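*Asks:* Chain residues, written in single-letter form:
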Amino acid sequence: MPSQPSEHEVRVLSRRFGLPNSASIDTYLANDGYRALEKALKEMTPDSILEELKVSNLRGRGGAGFPTGMKWSFVPRQSPKPKYIVCNADESEPGTCKDRLLMEYDPHQLIEGILIAGIVVGSHQGYIYVRGEYRYLIDILDRALEEAYARGYLGKNILGSGFDFDLYTHTGAGAYECGEESALLESLEGKRGIPRIRPPFPAVAGLYASPTVLNNVETFSSVPPIIVNGGKWYAELGTPRNGGTRLFVLSGHVKRPGVYELPMGTPLRKLIYDVGGGIIGDKKLKAVIPGGSSTPVLTADAIDTPLDFDSVAKAGSMLGSGAVIVMHEDTCIVRAALRIMQFYAHESCGWCIPCREGTNWLKKTLTRFHSGGGREEDIGLIEDLAKNMLGRTFCPLGDAAAMPTIAFVQKFRNEFEMHLAGQPCPFEKHGQLVGA
Amino acid sequence: MADNFKFNVDGRELQAKPGTLLIDACRAAGIEVPAFCYYPGLSLQAACRMCLVEIEKTPKLQTACTTPVAEGMIVRTSTPIVVDARRAMLELLLANHPLDCPVCDKGGECELQDMVFRYGAAESRFREEKRHVDEQQWSPVVYYDAPRCILCYRCVRVCGEGMDVWALGVVNRGARSEIAPNHGDHLDCEECGMCIDICPVGALTSGAYRYRARPWEIKYVSTICTHCGDGCKTTLSVRNGKILRGNNRDHSGINGEFLCIKGRYGYDFIENPNRIRTPLIRKDGKLVEASWEQAIQTIAAKWKEILHRRETGTQEAQAFGVIGSNHTTNEENYILQKFARTVLKTNNIDHHRTVDYAALIRAIANAIAKPVGDSAARPASDFLARSKDLSIASAVLVIGGNPTDQHPLLAWNIREGCRLNGTRLYVINSRRIPLARKTFRFLPIAEGGEQNALEFLRGERDAEKRLQGATPGGREVTAEFLNDFRDKLGQEKDLIVLFEAALSGECVAQLVEWGSRLPGRTRFIAQGDYSNSRGAADMGLLPNALPGYASVEDNDARLRFENAWSTTVPAEPGMPLHDMLAAAAQGKLESLYVIGANPLKGWDTAASLGGCFVVVQDLFLTETALVADVVLPAASAYEKSGTVTNTCGELQKLSKGMEVMGTRADLDIFSRLAGALGVTQAPLKSEEVLEEIRKLVSGYGVPLVNIVAGGAELVAPLDGFQPVSATHTANVKSSRDTLFTSGTLGRYSSSLQAVPERTTRTEPDPA
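Note that the protein sequences, when read in sequence, are chains A and B. One rule links them: number in my numbering = place in the first sequence (from 1) + 711. One rule links them: number in my numbering = place in the second sequence (from 1) + 154.
If we strip away everything but chain B, and leave its shape as in the complex, we get (with noise of 0.2 Å):
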């Protein structure tokens, strides 16, 4: 590498790589140049003039945004000329702003605003009358106020460049030049809202937001958004104990400055109607209202009969079933598996797996347990990557699924790698997925050909040839195609693999296995659908493993929870979700316990779950919960504290904003259910959880520094005892959310229901 070059800012000798633009440069030296176009990331604009500086030997004021550093270059950020044309600059941008900031949303927060104030002058000379258009408004959620607009072109650029939409361009010249939406009048678009969160001034604005609050009322509260797998930090806009936005405010979390529609607006299903604010109980057929109390108690008089019949040995069919959620947090699964093991002594607890998260971590410990060759054992760094890894790494591949679609910000970080460090894509899918558009090399396969995929990447020939032939798009796949495709792939340094539900058991143990044997870093990111879908596996809410994988069958692992919980656990492997469904059906279930979960949705629910009695705990009234004999309302992730682990394995903590009437947080529930079962028990702290957490899970047991901060910490379940695989992997299934849909959540969200456009950009075609 080059050595860096010297310069001298404002007296400072700085130093800094060849081809660092001079604002970084000042700014990494907490030198302040002020900007408005300028984004790091984002294409050079050079439009707003703000960054002009000095540079000794040039006749004009340059622009530190579009230059960069050179040896021994001298340049001033603060003499009279420069402090001149910034606030010439400023008096022009004000003279035909309208100046409406105290019924602006962006009063307080506006990046204009503090500019003026820093380094504007007190008074304007424009007397002339200002230019005016009507607001206009582009969706549900996206409203455009010309005149605000000072034109800094960061919502073009991070709508095309950033997320690939392109649905934003200038219309329109000189003083009339205005932005304008893809539509003519409206936009079809992914609807992130990115374009708000980038806009300086109020020029943009949030459909969901606007008019609502001035900054200064506002208690921000940073969580993670609790949608899909992501696990994308969203700071709450809080006042008077209602949240009024979501947006990314400090660009803190892992997700920097993303975020989509979800994260952004879909915390407003909390406030539906329709949510369940009272316990209910069936009576005579119908749900009633009913206290806490009698809820608990009716589930408790019953529980407690079930269990004394088994203790008399009077019962033939499965006491329990337990399903859990994905999203609820760490700790809540920890206690439910603990609680369904220790006191309903069941293992028949399972979750809707929407990727096979046991599997790989099972494969990656034989990995690390049988090096290739004669290498050294690799650490379980080396096989799993965190979410900002896909900006960084040489290669990704993606086999099958729509990431853009599922898991938006991993999507986005693919292309920021792709953009701006070289990143090759290599995506393997059945259809045009909208990242394809990025790819080095795509190999169309069949509708559910990503088996056969992995069967031709490890060298199986008539795999290979089954790939062979012509799409539907027209594409013909030769031999030498996919024998380059592999070549390339094999030549990678740094290879970031993702798969989702089409590969499932020992399709990712064969996947691991291949990627291990390649000569560069091969680290892989299943794809879960929900914000805690990893959680509730790595938790154990599976009828095989205790939490960390490890297996309800291994005396020692089961001794080791045991000795912890002063009780026993059965030894017996549980039943997974569909078998209990069935079992219940059939009537061999007595009680099916539900948190979260919604597993008769698309089942003939007249006829199901006969007799069982069913206790279900949601947000709504689901079909699941439609047909339960004790339905308890439950706090949702923007209502309680706690962690969760997105889908790569970062672990990240929950902050409560705001509660729901009549609603208790999970962890509450069970404590208070235990309680009732005569297990006693303190009220359950999810911090003290935590702590059992890490004590005896595999991979949890991080430094908390860092996610107390906000931050994250990448667990790996890989330091305890040899994981177990899930069974019946057929199971395992993604549930096909797309940007507009967010399972149960996504009925109930507003914002999501009123956006105009609800499919997938999905092209059927390969072409």
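Okay, chain A solo, but in the shape it has when bound (with noise of 0.2 Å):
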């Protein structure tokens, strides 16, 4: 279910949650469904939904924050190869879970962005991949494109335009590293999931090595209200050149974890205590990682940075997926570090060295370090690992391991100190890391 809707929420893409039958094609038609479809095909061209989609300041939601206009733009028009939409739903960083109500509860949506994405590039053939562990997922929307076949809104002759489009869903095998734009290709064409060398970038060689528009589902699922409301409304909803709202994912220790969708710009200080409720037991805040699990942590005092890219960034981390995990008082950073570590230790795909090697390394480290076999040269071995990691392995992948662990040794080194006793976490009888 979709949590509680709170009274703070700007809700666009997440309009249709809880209504009755949502993921239905009649509950979408019922409810403006379809309608930016049917504008993109009868009324635009594709260079005026480049323009809505470059004034709407729309950035990709995946993680990077690329804006959307322009990464669509660099597909060429002219192509003697097919061009191909992929939609990643390979949504694996940890504490994140949007594309996944997107996809329950609103598929036509995405469907929709999809379709238009199409129009805009010229494709005629998509795919959505869906990480392995939404295999549910996978009925919801092969039902939706069903739906979507019967009613006219896929297929030949789409609407009467004679535009034509498939679509088709593909699941992945439960690997984070296919959620790597290039690695999610490979994966779609049945091969290792393995990042590419770029360039060439998925625009000009993507989905066997043609021109290729691959997004995030709350991307594309932002389509639709922008070709139906106009670029200038969407931006207006956020700050400047971070246009519109999207889906934060609150969890950790706040009183009422969940999906919000908030304007960009929205404050941490609002999502955490005016939508989240506060902090539980209302004991103090640490720390609060605000964009995903690779993204560097903030301490308390960053509370009031509002969350979008370019502040988030200022604050000397990143928005991310959005996904925002609140850590009170009482937890164990280290222990938080090596949670996130044994992720990516799991989830290095062993392409290259340092990634490969690293995670590891600072994983058999932190564990060691956190059971109280720490030594004062580990806090500094630790940070070190890391930064060797950072910038220098293939993919983000390693960045998204090194950049945590940079972070809390040097924004709680103290906390590493603690561990410096030769005694067990002196957290652990407090209790324990919620939701990372």
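Honestly, the hints are just simulated from the structure, not real lab data. Misleading hints may appear alongside valid ones.
From the structure, some residues in chain A lie toward chain B, with a derived Cβ separation under 8 Å [stated by the list, open to error]: (1) I908; (2) F912; (3) H1057; (4) S1059; (5) C1060; (6) G1061; (7) W1062; (8) P1065; (9) R1067; (10) E1068; (11) G1069; (12) N1071; (13) T1076; (14) N1099; (15) R1103; (16) P1107.
Far from chain B by the CB rule (all over 10 Å, computed), these chain A residues [said to hold, decoys possible]: (17) S759; (18) P791; (19) E858; (20) R862; (21) A886; (22) K943; (23) T950; (24) R980; (25) A1011; (26) I1064; (27) S1082; (28) L1092; (29) N1125; (30) E1128; (31) P1135.
Computed cross-link-like contacts, BS3-like style, restricted to lysine-lysine with a CA-CA straight-line distance of at most 27 Å [said to hold, decoys possible]: (32) K981(A) - K1025(A); (33) K1025(A) - K284(B); (34) K1098(A) - K211(B); (35) K1025(A) - K211(B); (36) K214(B) - K1098(A); (37) K792(A) - K642(B); (38) K765(A) - K753(A); (39) K849(B) - K373(B); (40) K966(A) - K981(A).
On a predicted model such as this, the values are computed, not experimentally measured, just so you know. A virtual CB, placed ideally from N, CA and C, is assigned to each residue, including glycine.
Using the hints, put the two chains back together into the complex; each one sits in its own frame.
*Replies:* See below:
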């Protein structure tokens, strides 16, 4: 179930959540469904759609925040090869579960967004790559695809426009790495999920070495409202250069964890205390991971940071996937660092040396450190190993493991020092980290 | 061509063609950029992160192996950040590396050791438990030790991209990633060992060599493989007079980095317990051990008697027949035919002809003598291709045969051309040979239809009709397809045609005539079977031809050799191999001298050769040796020096790796026999014989500098007398060896006998 709505929400993408049979095409059609598609096909040109997208300041919701309109404009209009639209539904960043809701409660919105991308770049085929652990969503998506085909929103001559588009689902097998776009493409092609050397980028040579638009579920889902209401309307929902709303996933030590749609630029304080109802047990806030487990941790004094790409970057972290993980005063930061490193060591694809060896070395050292076997020099070693990975790995997975580690050591060095007594973790008796 | 880009590396102004990778540009300029996963000619990985360099205006370090040079680029390869990154990478690599260097085969020649020595930290900060998994044996010759593996994926790529076998892959994820063979726990592959050769560490080791030596105890001897006709350079690792390993150490031979199973492991027949190490003389029907002196005297006595009878005219039967070898050196072959012609006074000399080199040389001579239309006469180099040319020619046409099995190096070069240089491969074959996967056009023909295919190429309508129709695999060959095939071939600028025994005699002449009429350059490679098949033909182990294919019937040619040898040579062409055997069986041959050949294999030996006095000089008691009157134990190619000529005509030098007690080099044996027959002769030295060859044999007057230095020179026996074709071309027959057989030698190679996959990969159905 989606979380209980909050009065602070501005529901654009999630406005159909909670409606009866919200995933069905009838509910969708009764609530502005496929109006954007009709408008795009009958009233707009690829260029005018792109223009609306650029005006909307929509930035990729997968984590990197690249302007969507610009990304789509990189796809060559003329191509001897077929072009593809690929939707990255391999939502695997710890703390993140927003795409799941978009697919579960409003799959047609996603289909419509993908169709519009097809119109813009002149593609006639698309794939939704769904993470292996989301297997149950495949049924929901496949049912939605079936409905869309039956009603003429997919297939040949869509809405009598002459535009054809086929859309398929495809499951991953449970690899975080396949959320990295080039590894996703390898996996989609039936190969081992390892990243590709870039350039060329997918816009030029993506799926089957053909021009490909590759975006996150939330990004595609944001497109229909922009087309219906205009780019300007959307842009004004957010802050300058950070258009619209996004789904924030609030987890950790808050009273009301959940997925909430808020305008870009909503202050962190508002999210935690107003939307999330404050910290469990009214304890003191210790730290916040603002954009999924790969983003550097913020300390409590960053509480007034507006949650948009640029402001969070200024505060020394990243908005990433919008997964905000809250940690209160009883949280052991070393354990948080260890838990995150266990994840990355498990998920490292193994392709390049620094990520493969670095994540495992860090996992082993943090395990020993947390259990009381730490030495003074290990603190520097942990930071140094992470720095040796940073910026030197093949793909961003290594950075994703390194960045939070460096931040934990730099911002919470005292907590690492508290583990040097040769005793087990000093926080252990108080409780455990929730949600990370 | 676009202008070179100018860029700056470490303060030096460099230039390189657009598209050049930064790592190659740096290395060409002598600037060291370390790498494990980067390997020229194989696909890019950017996995080892050792080649990270600083490039101005890019925020992060960049991998030099994936960055093409750009105009004005400013690169730094040894700043503190770069040095630090390399040290960090090595520290990470060593974290889980077992550091069992003292017992690792690779210790002393390990790229990881060298890198750590050069760029690494002195101490490790790793305090945790290392990951361990057990070593795996994938085949009798390939072992894999996963903890030592640094996952550079060279083995995966060389097997897939280079060999087109794709037997290796990566399994598991993250730190548990490892290389895995294609059949679960074992390999089904060509067993070429390229994966072992290319492994920078001791992860892949050779079943034939593991735990046998330390690299610094070894003396390295570069020589030429004695198996197939491709003439790959193989480096023998010799310790205390024993060959412990064959590999491809410096990549300096015509084969570059390539070696197949035979070149890598196939030397091991030399120490087979069945090797003959003492001369044998037949006494009371049984072969018994004898001294060299006794054996030589026995032969000399018999031969003197035969020679005497002939001089006194009391003899009706033919006196001597001589069958030479496809494995002995040029010097030995040259001396053998000289011995036969001047001492035994016979032209009854031949060898197992595995392809019709004589026809090819004669056809080329004719094409040079009579150019098409008004065009100027073309040089020999316009007709003969070197093995490496296959990698750079615009097109290759393979008619019949299966180069992957019979000519692994030629197949490797063809694949390299297709992969890296856009070579268009045309294959005409009755089987779907492995090379068919690389083809631009594949023309399926009926079994034995090579001559028909040639007639089609030459434009004969009937032949074209015979090729049309459905193949057994269901492929439809239409007139359009055939026309397109021929048209496309006709448009090629630089075509190399490979043929084998299916085309001989007049067919070869027709093939060359067809090729010389094409508008582009057309060169030819005749694919013979063994290491010196070409040399045997070139040196005149032929009943009608003196060295260089000069006809024995040509008075001028004969006179030239007679003057040089200060004696006479018979002017009558002799008997070819099968006639000699038939004559012996009918009692019409007094003595048969067989050197390194086994003509009786497959014969009913009990009834054959009658009362003929048979002398066999070989490594093993072959079917022929078993019926001999005297058997002389000979040295193999790995136990002597000399030169050999590969199937393309590339002349290379053999170097002696070791000695097998009791055996003698064939050259030495000829010398002793001649002495025993009263022909005064100082012991022959192969260098002196080579000098004589260079003076007298057409095409062999090539400079020696390259050859002595371990390189090769192309010989074209086209600068002497009008070459003569071989007689009885029906006797030209391939031995149809596969990757895992090699005539007699293969039967005694324990490695070749041990590998599980001993059948060819050819699928019979040209679907």
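*Asks:* Decide, hint by hint, whether the structure agrees.
*Replies:* Now the hints, each set against the structure:
1. The beta carbon of I908(A) comes within 5 Å of a beta carbon in chain B, closer than 8 Å, and the hint placing it at the interface holds.
2. Checking F912(A) against chain B by beta carbon gives a least distance of about 14 Å; that is not within 8 Å, so the hint is violated.
3. For H1057(A), the shortest C-beta to C-beta distance to chain B is roughly 7 Å, which falls under 8 Å, so the interface hint holds.
4. Taken as an interface hint, S1059(A) checks out: its beta carbon lies about 4 Å from the nearest beta carbon of chain B, inside 8 Å.
5. For C1060(A), the shortest C-beta to C-beta distance to chain B is roughly 6 Å, which falls under 8 Å, so the interface hint holds.
6. Taking 8 Å as the C-beta cut-off, the interface hint given for G1061(A) holds, the closest approach to chain B being about 3 Å.
7. With its C-beta approaching chain B no nearer than about 5 Å, W1062(A) sits inside the 8 Å limit, and its interface hint holds.
8. For P1065(A), the interface hint holds, the least distance from its beta-carbon to any beta-carbon of chain B being 6 Å, beneath 8 Å.
9. Below 8 Å, beta-carbon pairs count as interface contacts, and R1067(A) has one with chain B at about 6 Å; its hint therefore holds.
10. Given the 8 Å rule on beta carbons, the hint for E1068(A) holds: about 4 Å separates it from the nearest Cβ of chain B.
11. The interface hint given for G1069(A) is met, as the beta carbon of that residue sits about 6 Å from the closest beta carbon of chain B, less than 8 Å.
12. Checking N1071(A) against chain B by beta carbon gives a least distance of about 4 Å; that is within 8 Å, so the hint holds.
13. About 6 Å separates the beta-carbon of T1076(A) from the nearest beta-carbon of chain B, less than 8 Å, and the hint is met.
14. The interface hint given for N1099(A) is met, as the beta carbon of that residue sits about 4 Å from the closest beta carbon of chain B, less than 8 Å.
15. A distance limit of 8 Å between C-beta atoms decides the matter here; for R1103(A) the minimum to chain B is near 6 Å, and the interface restraint holds.
16. The beta carbon of P1107(A) is not positioned within 8 Å of any beta carbon in chain B (closest approach about 11 Å), and the interface hint is therefore violated.
17. Once the 10 Å rule is applied to beta carbons, S759(A) is consistent with being away from chain B; the minimum gap is 36 Å.
18. Every CB of chain B lies more than 10 Å from the CB of P791(A), the least distance being 18 Å, so the non-interface label holds.
19. Listed as a non-interface residue, E858(A) keeps its Cβ farther than 10 Å from every Cβ of chain B; the least gap is roughly 37 Å.
20. Under the 10 Å C-beta cut-off, the non-interface status given to R862(A) relative to chain B holds; the minimum distance is some 41 Å.
21. Not every Cβ of chain B is farther than 10 Å from the Cβ of A886(A); the closest lies at roughly 7 Å, contradicting the non-interface assignment.
22. For K943(A), the requirement that its beta carbon stay farther than 10 Å from each beta carbon of chain B is met, with the minimum near 34 Å.
23. The Cβ of T950(A) sits about 26 Å from the closest Cβ of chain B, beyond the 10 Å cut-off, so the non-interface label holds.
24. Chain B leaves R980(A) outside its interface by the beta-carbon criterion, the shortest separation being 32 Å against a cut-off of 10 Å.
25. Its beta-carbon lying about 30 Å from the closest one in chain B, A1011(A) satisfies the requirement of being farther than 10 Å from that chain.
26. With 10 Å as the threshold on Cβ separation, the claim that I1064(A) sits away from chain B is violated: the shortest Cβ distance comes to roughly 6 Å.
27. The Cβ of S1082(A) lies farther than 10 Å from every Cβ of chain B, with a closest approach of about 12 Å, so its non-interface assignment holds.
28. In this structure L1092(A) is not separated from chain B by more than 10 Å, as the shortest Cβ-Cβ distance comes to only about 6 Å.
29. At the 10 Å boundary, the C-beta of N1125(A) stays outside the reach of chain B, the nearest C-beta of that chain being 23 Å off.
30. The Cβ of E1128(A) lies farther than 10 Å from every Cβ of chain B, with a closest approach of about 19 Å, so its non-interface assignment holds.
31. For P1135(A), the requirement that its beta carbon stay farther than 10 Å from each beta carbon of chain B is met, with the minimum near 18 Å.
32. Proposed proximity of K981(A) and K1025(A) is supported: the alpha carbons are some 19 Å apart, at most 27 Å.
33. Annotation: proposed proximity of K1025(A) to K284(B) is violated, straight-line Cα distance about 40 Å (limit 27 Å).
34. Between K1098(A) and K211(B) the alpha-carbon distance is near 21 Å, which keeps this suggested pair within the 27 Å criterion.
35. For the suggested pair K1025(A) and K211(B), the alpha carbons sit about 22 Å apart, so the restraint of at most 27 Å is met.
36. With a C-alpha separation of about 13 Å, the suggested pairing of K214(B) with K1098(A) holds against the 27 Å cut-off.
37. Proximity of K792(A) to K642(B) is assessed by CA-CA distance (about 25 Å); at most 27 Å being required, the pair is judged to hold.
38. Between K765(A) and K753(A) the alpha-carbon distance is near 20 Å, which keeps this suggested pair within the 27 Å criterion.
39. Distance restraint check for K849(B) and K373(B): the Cα-Cα separation of roughly 34 Å exceeds the 27 Å cut-off, and the hinted pair is therefore not satisfied.
40. Between K966(A) and K981(A) the alpha-carbon distance is near 13 Å, which keeps this suggested pair within the 27 Å criterion.
The structure is inconsistent with the numbered hints 2, 16, 21, 26, 28, 33 and 39, although it conforms to all the rest.
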